[in-house]
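Here's the letter readout for the chains.
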Amino acid sequence: MKDTALKSGARHSGLQMVLTNYRSEIGVFVALILYCAVISVLSPHFLTGRNMLNLFSQLSVVGLLAIGELFVLLTGGIDLSVGNTMGLSCMAGGMVMASTQNIAAGIIVALAIGLLCGVVNGYLVGYVGLPAFIVTLGMMGITRNADYLMCGGIGINNLPEGIKMLTKAKVLGINVYYIIIILLFILMGWILSNTKLGRNTYAIGSNKNAARLSGVNTKLATLLPYAISGLFAGIGAVILMSRFAAVDPNYGSGNEMNAIAACVVGGTSLAGGKGSMLGTFIGVVLMACISNGLDLLGVSPYWQGVTIGCVIIGVLLIETYSEKVRGKSKK
Amino acid sequence: MESRGTLLLKAEGMSKFYGPVHALEDVNFDLYRGEVHALMGENGAGKSTLSKLIAGIETPTAGKLEFDGKPVVIPTPQVALKLGIAMVTQEFNSIPHMTVAENIFLGHSEMYKKGIYFDKHRAEKETRELLKLFDMDESINPAAKLSTLSVAEQQIVEIVKAVSYNAQMIILDEPTASLSNMEAQRLFQVIRDLKKKQVGFILVTHRFNEIFEISDRITVLRDGKLVLPGAPMEEMTEQSLVRAMVGREMVNFYGEKVENTVQHDEILRVEHLCGRGGFLKDISFVARKGEITGFAGLVGAGRTELMRAVFGADSYDSGAVYLDGVSLKKGSPRTSIKYGLSMATEDRKSEGLLLDLSLIMNTCYAKTVQKKGWILPHKSEKADTLKMAEMFRTKIGNIHDKGSSLSGGNQQKIVLSKWLLTNPKVLIVDEPTRGIDIAAKADIYTILKNLAASGMCVIVVSSELPEILGICDRVMVMKDGEIVKHMEISEASEERIMAYASLGRAAEKIDSEETMKA
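If you read the sequences in order, they're chains P and E.
If you count by this note's numbering, then the first sequence holds residues 40 to 370, one letter each, in order.
If you count by this note's numbering, then the second sequence holds residues 6 to 523, one letter each, in order.
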């Protein structure tokens, strides 16, 4: 009897294990490669360094939102407010920055507002027990309109010039903040798989009841992902301010859908408990490549929207189908 | 056996392969009118697969079916139903927020006026008539929402539904898994009534006593193959049945009594606990180190509710729980675990496991949650998982496999592993062996006994009396939210426990007369 577990553990290791454990990530990655191959044949501009940098600037903000969104989706919740929370953070931070001409103060306010919105969401979902969809839908309405109320419908454009440096600074021809975003992906991915915070996030998404009975503080463990989501909306706001050195009350609207779509395309389950940072990153890149590629080909933005919608549904179909096939062969 | 009716179903060479897995291989089976044919085997032996092939839920890879003398092909459950074959599964196909009558007649086209409007009155009237056949018209109201019925009553509604389709043959998959003895008796009465009407039954079950009580013949499967084809029940003994199922003799199913030298000090004290809106009435008891304390009673007696309150899974109204002298905060599993009280709940799927997460996580997370610090100890977790798998003889493929990849018995072992890793002083186990196969059961009994011997206080809630008598040191009998009797195991018997479980303190009178006689 000694020890079947060990032996078979070894037998399964190596390539086979990588294949089973990273099945959905590999799936999206293959899709990404295929798509890039097709587009680069159709458009010679696609695979140029210049376009790649451009691509990265397109995905950076959605990428940041997707990091936070992934945490929330893993708990089985959803955060519909991230886009507009980012808009509000941007507006609040921008107003402080414009009036004081103090960059640091503006950034801190933007981050704090994002975090605050996230904590309020998390408190209402985790401690009061309201449904996430409704709470964050409400927060989305509040932040979208608070935005306009604050600025009276007119944007802000007298931000200090220095803020631009945040996104303009380059090392070896690559913008520093791209590297920072990549590092954030790695850091948050590490947190998901190596800390209690990450594990609790998966656990409550997989089976909240079992998690509570096993001693997890499920209220706090539900709140934290929303707080993280809000904080990343704040970080996104800082990037937006820096990139344009201006704030428009329309910022952020609709970005939550792109973030959720990127997570789902990357293999995250809306039911919670399933998904990974790597998959989400690939999902973000794939979504950005699709719209960038179609841009290069001169496809109208309306058709792009249709295409992206089809991609999301297509990915889910493949996922569900392969799950079924696997389920059958397992029995 | 009562006079055998005519042959109803004949299955020849039934096989079902899922890829390389042979779930069922060349199995023959037959069923006569008016008989109960039991189907037994360990988990994964192929019982469910065979029933599903007959009920049209799965299609066979090979094999021939004859029903009522004619060759048939059954591609879907609808076709099966039309032929007169119904299957009542563990997970009911019923709709909880609809009424009994609606559930029964939902699929009957003649119940719809002009093909559209459901005729509620007619459905309720016919339901009442059907229930009358089983003398159940008093206790089940056709207009009641299904969710207000007990599990046993819901089960009976499922059977009534089958009868409403004029089923000639009913497959029951673990019908008594969540029923108390008395409720099971009621179900058996229904089965006996239908037998007289020449209905044939296939009974899939793990429970020995009911097989001997109600079956006429038995077929045993092992690893998808036929080991005992349709033997008359009179020729069987418990021993021969176990031998057929596991392929080896089990000397003592519940294991030897493990002697221990632990001081049997009091460790858990529950005082005047009231809760669940007055259902749990002033409950006090103590449990000791080095002992297994059993909680017996009918379903609904309040055993699970009591244990959930003690552990903190649910809150309670008044009273106190002391662990080793420390008063535990109510409604907080977190603090209970911290002070050394753990509980494996009844429903391991919905409350015990993280089905789509890895085994390593399932095994270790309760322990890791208690630890200080934020970084997961991957190395020690891996070691713990492998150590527990070896100790429990858990059959796991890879520690990164999902919780859902395991069979029921192995899942239960994972749940117990999880709790043992939290190093509890008191371990409560609610229905430790529900729905798991015989070999895993024996393993779990051994583990629980060894834990007690090593000084742990183990509390077992069980609806299986042989299990209580086989492993416990003392028994508390509950009825209607109260502890009505406390017995040493030496003075306990199935009859005495049942008397208290069903009659409550009123059993005292009979009990003392019996003892006088003895």
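Just so you know, the hints here were simulated from the structure itself, not pulled from any lab data.
Since the model is a prediction, treat every value here as computed from it, not as a measurement.
Accuracy of the hints is not assured; some may be wrong.
[Stated by the list, open to error] In silico DMTMM-like cross-links for lysine to aspartate or glutamate, where the CA-CA straight-line distance does not exceed 20 Å:
#: 1; chain 1: P; residue 1: Lys247; chain 2: E; residue 2: Asp178
#: 2; chain 1: P; residue 1: Lys363; chain 2: E; residue 2: Asp406
#: 3; chain 1: E; residue 1: Lys354; chain 2: E; residue 2: Asp178
#: 4; chain 1: E; residue 1: Lys200; chain 2: E; residue 2: Asp35
#: 5; chain 1: E; residue 1: Lys407; chain 2: E; residue 2: Asp352
#: 6; chain 1: P; residue 1: Lys258; chain 2: E; residue 2: Asp319
#: 7; chain 1: P; residue 1: Lys247; chain 2: E; residue 2: Asp352
#: 8; chain 1: P; residue 1: Lys313; chain 2: E; residue 2: Asp361
#: 9; chain 1: P; residue 1: Lys235; chain 2: E; residue 2: Asp319
#: 10; chain 1: P; residue 1: Lys247; chain 2: E; residue 2: Asp319
#: 11; chain 1: E; residue 1: Lys407; chain 2: P; residue 2: Glu358
#: 12; chain 1: P; residue 1: Lys235; chain 2: E; residue 2: Asp178
Hints and how they fare:
1. Note on Lys247/P and Asp178/E: the hinted pairing is violated, with a Cα-Cα distance of about 29 Å set against a maximum of 20 Å.
2. Among the hinted pairs, Lys363/P with Asp406/E is consistent with the structure: their alpha-carbon atoms are about 17 Å apart, no more than 20 Å.
3. For the hint pairing Lys354/E with Asp178/E, the CA-to-CA distance comes to about 18 Å; that is within 20 Å, so the pair holds.
4. Straight-line distance between C-alpha atoms of Lys200/E and Asp35/E comes to about 16 Å, which keeps the hinted pair within the 20 Å bound.
5. With a C-alpha separation of about 18 Å, the suggested pair Lys407/E and Asp352/E falls inside the 20 Å cut-off, and the hint holds.
6. The suggested pairing of Lys258/P with Asp319/E holds, with an alpha-carbon distance near 15 Å, which does not exceed 20 Å.
7. Proposed proximity of Lys247/P and Asp352/E is supported: the alpha carbons are some 14 Å apart, at most 20 Å.
8. The suggested pairing of Lys313/P with Asp361/E holds, with an alpha-carbon distance near 8 Å, which does not exceed 20 Å.
9. Restraint check for Lys235/P and Asp319/E: not satisfied, since their Cα atoms lie roughly 25 Å apart, outside the 20 Å limit.
10. Only pairs whose Cα atoms come within 20 Å are accepted, and Lys247/P paired with Asp319/E is accepted, the gap being roughly 14 Å.
11. For a cut-off of 20 Å, the pair hint linking Lys407/E to Glu358/P stands: about 17 Å separates their Cα positions.
12. The straight-line distance between the Cα atoms of Lys235/P and Asp178/E is roughly 41 Å, outside the 20 Å bound, and the hint therefore fails.
In this structure, the hints that do not hold are numbers 1, 9 and 12, in rising order.
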